[in-house]
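Those protein sequence lines, which keep their order, are chains G and B.
Just so you know, the first sequence maps onto residues 1 to 112 in our numbering.
Just so you know, the second sequence maps onto residues 113 to 226 in our numbering.
No wet-lab data here; the hints were simulated from the structure.
Source: prediction; values computed, not measured.
Hints may be right or wrong, so weigh each one.
[Stated by the list, open to error] A few chain B residues that don't get close to chain G, going by computed Cβ distances all over 10 Å:
hint, residue
1, 123
2, 140
3, 141
[What the hints assert, rightly or not] The calculated label-pair distances, taken between Cβ atoms and stated as ranges, are:
hint, chain 1, residue 1, chain 2, residue 2, range
4, G, 68, B, 140, 34 to 42 Å
5, G, 93, B, 207, 18 to 26 Å
6, B, 195, G, 107, 22 to 30 Å
7, G, 15, B, 169, 19 to 27 Å
8, B, 130, G, 15, 30 to 38 Å
Every residue gets a Cβ at the ideal spot worked out from N, C-alpha and C, and that includes glycine.
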Amino acid sequence: QQPVQSPQAVILREGEDAVINCSSSKALYSVHWYRQKHGEAPVFLMILLKGGEQKGHEKISASFNEKKQQSSLYLTASQLSYSGTYFCGTEMWETSYDKVIFGPGTSLSVIP
Amino acid sequence: NAGVTQTPKFRVLKTGQSMTLLCAQDMNHEYMYWYRQDPGMGLRLIHYSVGEGTTAKGEVPDGYNVSRLKKQNFLLGLESAAPSQTSVYFCASSYPTSGANVLTFGAGSRLTVL
Numbered sequence: 001q002q003p004v005q006s007p008q009a010v011i012l013r014e015g016e017d018a019v020i021n022c023s024s025s026k027a028l029y030s031v032h033w034y035r036q037k038h039g040e041a042p043v044f045l046m047i048l049l050k051g052g053e054q055k056g057h058e059k060i061s062a063s064f065n066e067k068k069q070q071s072s073l074y075l076t077a078s079q080l081s082y083s084g085t086y087f088c089g090t091e092m093w094e095t096s097y098d099k100v101i102f103g104p105g106t107s108l109s110v111i112p
Numbered sequence: 113n114a115g116v117t118q119t120p121k122f123r124v125l126k127t128g129q130s131m132t133l134l135c136a137q138d139m140n141h142e143y144m145y146w147y148r149q150d151p152g153m154g155l156r157l158i159h160y161s162v163g164e165g166t167t168a169k170g171e172v173p174d175g176y177n178v179s180r181l182k183k184q185n186f187l188l189g190l191e192s193a194a195p196s197q198t199s200v201y202f203c204a205s206s207y208p209t210s211g212a213n214v215l216t217f218g219a220g221s222r223l224t225v226l
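All chains should be modelled from the sequences, with the hints used to inform the complete structure.
Here's what the structure looks like:
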């Protein structure tokens, strides 16, 4: 039931781009993206509700492919402040979309 | 406006002891959640509540109990703590609007069971 995230970890130099993927074996109602800095609580980035929906937050954007049951998070022109662990959270149709189940996370490190 | 407050922030227990973690939110949110976070495992849902007086099991409910007697509070209890329950526990709350169930997290409670 837990979504799968890839890659597990990625190291970028400032200004480089990255893509983090999230996929589920179950039909999805929504996909959430959160970022967690070391020793802090996860912070909401964005939520995608409809298949094909794309959203953006500064230079971070995401897409949701409902048919493929997957979402991707795009980080462009990365900054040092983007470092952290990124989690996708999923709500599934079969569980009446009140439970948010998270993936194992992707550790992103941006270096100068 | 404090958001989601968890107490205590740190606790050390001996195997077999019991304790309760308190989560309080002041945003009038309907839904509340307890997650545990372990290295490489992400955030795993323990129990959740969709309203006062209701609770439901998540992915890893064994060894834990919860209560939601008041809308603003969600308590997580460990009746007989085990070393496998050493973890960081996060509480979250949400108020679904227009189908969007965005979670607000507390700062976390670090529990060590010896």
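Practice item. Could you check the hint for me, namely that residue 195 of chain B and residue 107 of chain G are 22 to 30 Å apart, CB to CB? Key: At 26 Å between Cβs, range holds.
Exercise for review: Return holds or violated for the Cβ distance of residue 68 of chain G and residue 140 of chain B against the range 34 to 42 Å.
Suggested key: holds, 37 Å
Review point. Does the claim that residue 140 of chain B lies off the interface hold, with its Cβ farther than 10 Å from every Cβ of chain G?
Key: holds, 17 Å
**Study point:** Outcome of range test on Cβ distance (residue 15 of chain G, residue 169 of chain B; 19 to 27 Å)
**Key:** The hinted range 19 to 27 Å is violated for residue 15 of chain G and residue 169 of chain B, with Cβ atoms some 45 Å apart.
Point to revise | Interface exclusion of residue 141 of chain B relative to chain G, criterion Cβ beyond 10 Å | key: holds, 13 Å
Point to revise | Exclusion check [residue 123 of chain B not at the chain G interface, CB over 10 Å] | key: holds, 17 Å
Review point. Quick one: are residue 93 of chain G and residue 207 of chain B within 18 to 26 Å, going by C-beta?
Key: holds, 21 Å
Exercise for review: Starting from the range 30 to 38 Å, see whether the pair residue 130 of chain B and residue 15 of chain G falls in it by beta-carbon distance.
Suggested key: This hint is violated: roughly 52 Å between Cβ atoms.
Checked against the numbered hints given earlier, this structure breaks hints 7 and 8; the rest are met.
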